[in-house]
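Engineer: Construct the entire structure; sequences and hints are all you get.
Per this note's numbering, residue 1 is the first one in the sequence shown, and the count goes up by one each step.
To be clear, the hints were calculated from the coordinates, so they are not data collected in a lab. It is possible that some hints are incorrect.
[Stated by the list, open to error] Just the calculated beta-carbon pair ranges, DEER-fashion:
id : residue 1 : residue 2 : range
1  : Leu132    : Ile90     : 15 to 23 Å
2  : Ile54     : Glu134    : 14 to 22 Å
3  : Glu134    : Arg157    : 36 to 44 Å
4  : Glu31     : Glu134    : 19 to 27 Å
5  : Arg157    : Pro58     : 27 to 35 Å
6  : Leu132    : Asn76     : 25 to 33 Å
These numbers come from a predicted model, not from an experiment. Every residue gets a Cβ at the ideal spot worked out from N, C-alpha and C, and that includes glycine.
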Amino acid sequence: MAALLAVLLSGMVWFAALPGFGQIFSGTVPENLGITNGQLAPCPDTPNCVNSQIKDDPIHGIEPLHYQGDWADARNLVTEILGVVPGTTIVEAQDNYIRAEARSRLMGFVDDLELYFPGDRPVIEVRSASRLGESDLGVNRRRLEQIRLALADLEQRN
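Structural biologist: And the structure:
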């Protein structure tokens, strides 16, 4: 049984290395991304999305990121953090909004990561959602929690 599993996994890894394979699972960019009336897009019913603007929903809700000091400094730190997150590329950057795509290594699944800096309070509203599938096994939530920890660490060092 273990040998069969090893053969299947090695075949999947080889197949995943073929040119263009990663594009199969990238999905299309959702049309509802961005800020509308100070709000990020709501999450779909599937559990593969988290959004800090959703309250009282343990599946989709997450705390916004908090920062100290100037929002522009926080934005620069977040940009720096996203630059070192594996598979993550910033695809849109405005004064108060950043959108990045996070691609999984093996299968090339793409998650859309959004960060909104309202400017009227020291928070960063966040949303991270998988383009495809039903479950993300907690990947979107973990990614944002890792960014939260990195932001707190960098702020403490500066």
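Engineer: Taking the numbered hints from earlier one at a time, note which ones the structure violates and give those numbers from smallest to largest.
Structural biologist: none
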